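What follows is each chain in one-letter form.
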Amino acid sequence: MAETKTEPIITFKDVSKTYILYKNDQERFKALFFKPRNPKTNKALNGISIDIYPGESVGIVGDNGAGKSTLLKMITGVTFPDEGTITVNGKVAALLELTAGFSLEMTGRENIYLKGYILGLKDSYIKEIEDKIIEFAELGDYIDQPVRTYSSGMKMRLGFAINVNIEPEILVVDEALAVGDASFKSKCKAKINEIIESGTTVLYVSHSADSVKEICERSIYLKKGQVVFDGPTEETLSVYNEDKEAEAMKKKKK
Amino acid sequence: MLLCENCANFSYCYLITKKLVIYKKVAYIFTILKEHRGFEKQIFLLAKNELIKTYKGAVIGPLWAVIKPAFTIFVYWFAFTAGIKTLKAIKVDIGVNTLTFDFFTFMFVGFIPWFFILDGIVQGAKTLRLNRQFITKVKFPVSTILTYTSLSRLFVHLFLVIILYVYILFVVGPSWYNLQFFLYCPLMFFFFLALSWSTAPMSAFSKDFENMIVSIMSGIFWLSGIMYNTYKMDPPLNFIMLFNPINFFVNGYRNCFLYNRPFFEYKTELAIFLAEFIVVFALGIFNYNRLRKRLPDVL
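Chains A and B supply the protein sequences, listed in that same order. Going by the numbering used here, the first sequence opens with residue 1, and the numbers climb by one from there. Going by the numbering used here, the second sequence opens with residue 1001, and the numbers climb by one from there.
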């Protein structure tokens, strides 16, 4: 592992992402055929460059709309940047939208295979981890029922179980994640900690300073699509808090 | 080609390349192919589930796949032979002979590809919007959504073709030319799949585009030779009709089952169709690649 330390596992190079805001449906229709002339845009990410190395746990802090979720969605390969390049050197497990992306008519077991294929895994490998996933999700006989019949908690458990059992190299976690009842929650926490301790690279998005401090040694503070500070968690959090206080003062003055 | 042990999908395979660039401008033509690679089994499974989704929950379930088209055919037959009373037989020139076909048989053979085409265009345009959970929430080979949904429609089509063929065996009798079905059917599948590479992302982008397609299609029926013989129209109309690719398939199915005519006999028709196929294919690849990366943002 020591020699790979030199090569980053995730690289963002001058990555920008602009959402075009169409005034109305007419504009949207026109945009199909012509490039819109000076459209209203929202720059979600603005020239971001980040290197993340194997084994690191990186926290991402920032207010709503700072570009955190856009950043994570790019790492998982859901959205694409307009400019710049993103390099990801490993299997990504995303604990973001756990109930999404199932084929509802398929059984839980078939969905395990579907997700596995999407992640680029082979039959033999999925077969190996299949039992582990089913056991972890605590679905029992429901595993061979269509996912449509699952409760939202069951769907979440299955989604979680698949993601953590594929032995990811990169784990993307949103702290706002809710996974069923208290006992399962603690099981999830334990599993996440186990993955982190095993040397997996972790990206952790959170609003609570305490949990970031607990897990991540390094943190990135995003604001309006730009990196304000990138460094040890303690320093980043103090910059973040100062910034917030300054903003609050400004508001008060107004 | 180096293949790794754990990986089926080489576009996102980290084991072969060790270095995976998500945002990479790959040659346009290969993006769709790549997305299908290693996903074949899943496509079949998803197509099967698409069928279950469509027909489950109804008391007579899959029978609806037959009842709906049967009723449509009945209504048209009723209106034209019992109501308007003018259409009893259709004359078609084949080589030097003019053959007469029973109107119902003529219409029946034309309707079977039409049902597939109608669904292919209308549903094909709506597919991405209906399957948005695969686009906005997870990484998914998006073009395979189009493939598995049209595959599920192909299954229904094949089922109808079997019913048609039983009818043909009794009324017209078998012929070697029937085998041309195995040429026309895949060609039809791929033509309308390639068309949906353009229409589906565009409909996802703009609901107006989707509505436009849906409203055009009811008119297109009467501009295609399902109820009449386009070869017999007054010139230049009979020539203009060759540019409608739907006619190519409707007439093609009749070549197989009624006319006993080889597909290459009418060369102008074939040439025009092939040219259109290339254009639709190229446009499809262009539009899909142009809009693919914007899809998660607009859906």
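It is possible that part of the hints are untrue.
Selected chain A positions facing chain B (Cβ under 8 angstroms, derived; list incomplete) [said to hold, decoys possible]:
hint	residue
1	21
2	24
3	25
4	28
5	29
6	34
7	72
8	76
9	77
10	100
11	101
12	105
13	117
14	118
15	141
16	235
Computed far set for chain A versus chain B, every beta-carbon distance over 10 angstroms [unchecked claim]:
hint	residue
17	26
18	73
19	79
20	193
Listed next, the in silico BS3-like pairs over lysine-lysine satisfying Cα-Cα at most 25 angstroms (straight line) [as the list claims (entries may be wrong)]:
hint	chain 1	residue 1	chain 2	residue 2
21	A	40	B	1293
22	B	1048	A	127
23	A	13	B	1068
24	B	1068	B	1056
Calculated directly from the structure, the hints in this document are not laboratory data. All values derive from a computational prediction rather than experimental measurement. For glycine and all other residues, C-beta sits at the position ideal for the given N, C-alpha and C.
So, going through the hints one by one against the coordinates:
no. : hint            : in the structure
1   : 21              : 10 angstroms, violated
2   : 24              : 11 angstroms, violated
3   : 25              : 6 angstroms, holds
4   : 28              : 5 angstroms, holds
5   : 29              : 4 angstroms, holds
6   : 34              : 13 angstroms, violated
7   : 72              : 12 angstroms, violated
8   : 76              : 6 angstroms, holds
9   : 77              : 4 angstroms, holds
10  : 100             : 3 angstroms, holds
11  : 101             : 3 angstroms, holds
12  : 105             : 4 angstroms, holds
13  : 117             : 5 angstroms, holds
14  : 118             : 6 angstroms, holds
15  : 141             : 20 angstroms, violated
16  : 235             : 30 angstroms, violated
17  : 26              : 8 angstroms, violated
18  : 73              : 7 angstroms, violated
19  : 79              : 5 angstroms, violated
20  : 193             : 25 angstroms, holds
21  : A:40 x B:1293   : 19 angstroms, holds
22  : B:1048 x A:127  : 22 angstroms, holds
23  : A:13 x B:1068   : 55 angstroms, violated
24  : B:1068 x B:1056 : 15 angstroms, holds
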